[in-house]
Amino acid sequence: MKSTKSNRPTGKSRRVKPLTLEGLLDSPSELAADASAGSVSIVLMTRIRLARNLAATPFPGWARDEQREEAYQACCAALTAIPLMKRGLSVSVAELTELEKQILVERHLISRELSEAKRGAGVVISADQALSVMVNEEDHLRIQVLRGGFQLKKAWSAINELDSALEDHLNYAFSETRGYLTACPTNLGTGMRASAMMHLPALVITGQMEKVVRAVNQLGMVVRGLFGEGSEASGSIFQISNQTTLGESESGILKRLGSVLETIVEHESNARQRLLEAQASNLFDKIGRAYGILHNSHLLNSAEAMNLLSLIRLGVDLGHFPEAERARVDRLFMETQPGHLQHTQKGEIEPMQRDLLRASLLRTEFANVSAPDFSRA
Amino acid sequence: MAPPLKCDLCDNPATVHLTQIVNNKVHKVDLCEHCAKAKGVTDPSGFSLSELLLGAAAGNAVAAAAQPPPHTLRCEKCGYTELEFKKSGHLGCPDCYDTFEPLIEGMLDKMHKGTAHLGKAPQRAIERQRLHQRLTELNDALSEAIKTERYEDAARCRDEINQVKQTYGEEPAR
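Protein chains in written order, with this note's numbering: chain A, 23 to 399; chain B, 1437 to 1610.
None of these hints come from the bench; they were simulated from the model. Keep in mind the model is a prediction, meaning the values are calculated, not measured. Glycine included, every Cβ here is placed at the ideal spot set by N, Cα and C. Just to be clear, a hint being listed does not mean it is correct.
[Stated by the list, open to error] Within a straight-line C-alpha distance of at most 35 angstroms, the following computed DSBU-like cross-link-like pairs (lysine-lysine) qualify:
1) B:K1601 / B:K1583
2) B:K1546 / A:K233
3) A:K175 / B:K1546
[What the hints assert, rightly or not] Cβ-Cβ distance ranges computed for the label pairs, FRET-style:
4) B:T1603 / A:S186: 57 to 65 angstroms
5) A:E88 / B:H1470: 32 to 40 angstroms
6) A:L321 / B:I1562: 54 to 62 angstroms
7) A:K108 / B:L1539: 41 to 49 angstroms
Extracted from the complex, chain A is given alone in its bound form:
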């Protein structure tokens, strides 16, 4: 096999040192680190999660405090015993500050639901931040793998390995007819939700997103915003995932999702081409203005910043900015989120102050980005 994640030079220094919460918060996110690795112009990130539960134990939502605590201890003990999770970070929700929780949500390492959990809930994160396991969210275990770019196969092989290793230590709730038993019947069977984070600015600009969402829904897939259920699709970033989990094997689901994703990539590419052919000035104007605002503005809220960065990213894809700037944009997508921004100030700050700080950060960053060259298309 060619390079795997653990062989990446960026992962090396982190592999020797055990992951601490401070270390995690101060290091760049997995999404930004990995996105620079390959050609990821449209699919930013691939993610797979598996829902698993312990046999003969009430699900977290119905368990009594002591039962939940017991399940938490059992799951954490199993997780920390697994070589894959060695030198990782295990932390309970109760130990985290509001700001730390927010950062982990922004990094997609925990869900909003987990961040609101009370007793006996937490997360175990691998040293390279690629694997994270939430304990006592809706299910006893929500195992997750994150990969930069379009990597369904690699993501599945990583999560399958972790799941099988965990199974040696834990008695999973499983029925031969119904598969993995989950708190909500919508996750029953494989317990698998695979998704891709896609950057689809041309489909948004050309007003085709609604059509795409409808078509994708008909194919049994779901479209959501960047932070999952109910979140806004700012920055033209969408999460596309499978809806059904039972009656089909994991490989069947991944194959179907993969072909839907490929079709969307094709549609986005076509929409970009059409924009360039029919409305080039319009498009260049948008990208040029985005650059101007990022270069000069003094107040930027999170959604506006995302939308501007999205246009710069599109500019990179179209060759108006150097390729290397894509990694900067992806890093800034994360660093301009409210939690990350406040972390740089070592404390919570008001939204207005955040908008000032965000604009200042972006001005500094874009001072190093040369103006778009629209002759290079």
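On the provided structure of chain A, position chain B as indicated by the hints.
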């Protein structure tokens, strides 16, 4: 501009707007801040829109949950009731899937591509199920042997039961 929405429970302007999908049906509720707080909407763990939508019926429903009538299902293992299942759409424990099977079967058909699992299977869980099934068979055989006074067979059954229980991680039968 459209007039501001009024709270569904009082006449104050609604500032909290909720959408919940229950059994594939979209339910919408608009509430003022006061009513939203009073109904526990701000507490994500303890709120279900169906309670609000059911209105007065919800009060009866809560009373019914405390003492379920005999014809409603209740999980022997964890005490979860049919009513709770209908309210939250979630189950109480893995055994609930057996208890609420009659209710779940139809739901799964609408929810998923099929109703039978075709994916990965954990080897340990399958082994455990196999042993559990063997144990049930042996216990039946043991009772039958005792009933028909076949004591040698009964002794053999008991030995095998102990063996299975040891593999299964349970205390042997005395």
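**Prompt:** Okay, which hints does this one fail, numbers in order?
**Reply:** Failing hint: just 4.
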